[in-house]
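Protein chains in written order, with UniProt numbering: chain Y, 1 to 167; chain E, 1 to 211.
Please keep in mind that the hints were generated in silico from the structure rather than gathered at the bench. Treat each hint with caution, since some may be false.
Said to hold, decoys possible - From the derived model, a few chain E residues whose C-beta atoms are all more than 10 Å from chain Y:
1. Q6
2. N41
3. I121
4. S144
5. S155
6. F203
7. Q204
Stated by the list, open to error - If you anchor each label on the Cβ, the simulated ranges turn out as follows:
8. Y/E124 with E/D39: 18 to 26 Å
9. Y/S57 with E/S106: 38 to 46 Å
10. Y/P22 with E/D49: 26 to 34 Å
11. Y/R113 with E/E86: 38 to 46 Å
12. Y/S57 with E/V208: 27 to 35 Å
13. Y/N83 with E/S113: 39 to 47 Å
14. E/D13 with Y/S90: 51 to 59 Å
15. E/N101 with Y/I167: 26 to 34 Å
16. E/L34 with Y/K11: 36 to 44 Å
17. E/S113 with Y/T43: 12 to 20 Å
These numbers come from a predicted model, not from an experiment. Even for Gly, the Cβ is constructed at its ideal location relative to N, Cα and C.
One letter stands for each residue in the lines below.
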Amino acid sequence: MTKIEQGQIIKVGMADWKIVEPPDTIRTSGLGSCIGAVLYDETKQIAALAHVMLPDSTMAKSQDANRAKFADTALEDVLEMLNKKGCSNSRLKAKIAGGAQMFSYSSGNEMMRIGPRNTEAVKEILSHYRIKVIAEDTGGNKGRTIEFNPVEKTLHIRTVNQGESII
Amino acid sequence: MMDVQQIKPIHLDVLQEVGNIGAGNAATALSQLLNQKIDLNVPSVRIIDFQEMQSLAGGEEKVVAATFLRVSGEAPGSMFLILQKEEAEELAYSLTGNKVNIIDDSFDELAASALNEMGNILAGAYLSALSDFTSIQMQPSVPSLAIDMAGAIISAGLIEISQVGDYAIVIDTLMGETDDTSSTPATGQFFLLPDPDAFERIFQSLGVDWS
């Protein structure tokens with residue numbers, strides 16, 4: 001997608017998050033109902049990308065759950081790490097993508113609405129920390145692969161049917 | 001509730017047989033539909049984490065045509081019939097007589113409905129065999145077709161499981177045409193992903209210890 005000399009692409013899997021610094025870029029593939037949330041500090045050029053699956057850690061039915069799976073705990077951990085690296089919340093901005101509903105599903109199972117619920121949850125949590133969402137590409141019924149460049153602060157979004165866009 | 005530590009080889013064997021019976025019935029249905037002999041691979045039953053799960057159907061970004069349905073009842077779960085792009089196009093051609101490309105405008109309503117209906121028939125055949133074999137009531141939802149990245153599609157089947165743990169047990173069966181001229185060995189792939197609550201019921205009904 002982006003062409004940056006010498007930079008590597010850091011890959012983030014499902015239910016995971018990572019930090020990126022130039023010249024590297026950071027990427028996650030195949031977002032469906034999951035959300036890819038990028039938090040970045042413009043001056044320090046540090047960014048984090050979290051690939052969250054579920055809105056809320058209270059949904060966990062077991063104790064030792066992977067914190068990166070849930071929007072609330074994942075973002076808490078991401079912020080802690082970014083703060084440790086000297087990024088204060090007031091300077092952080094966010095770009096988010098994902099939260100689709102891949103299948104239309106008639107029986108009204110609340111779990112199938114997980115995409116929109118993920119989007120709402122991530123935005124609520126970010127606003128709680130007073131982090132502004134600068135751009136988003138959420139909802140719909142398409143899968144997305146996203147890649148963030150911490151220098152240009154651009155989020156490249158690739159889809160199967162609607163090509164590529166940059167937010 | 002499922003705990004990965006509890007799974008023993010016998011449980012995997014039982015699930016493999018479950019997949020074999022379901023997919024066997026589905027392959028018969030497909031063979032009648034296409035008037036062609038269909039081969040089945042022995043199902044593989046694996047305990048995998050979400051990262052592996054996302055790349056199951058050939059890679060996270062691989063374009064596939066997937067029919068998805070939820071199973072409700074005593075042994076709930078998610079079920080997918082995954083067709084790789086070429087397979088979906090070939091099947092749409094044999095069902096409708098039209099050549100289509102599933103990711104552009106030539107993929108019309110007729111082709112979509114043919115693929116969805118085929119998914120419906122095959123998944124129905126799979127589940128009814130399973131239900132007979134286990135004497136567990138299983139109610140499939142109306143199936144829904146999506147053409148998109150495999151990773152994005154499969155994550156839709158992980159929502160229930162992800163609330164309980166970080167692993168899924170997947171019963172994965174490949175079907176293929178036994179046609180010497182066919183260059184694509186596989187015509188489709190079934191994934192059955194029982195919800196964590198379902199295992200106890202499945203094993204209990206087949207007389208396998210689970211505690």
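Problem set entry | Numbers of unmet hints, in rising order | 4, 5, 8, 11, 13, 17
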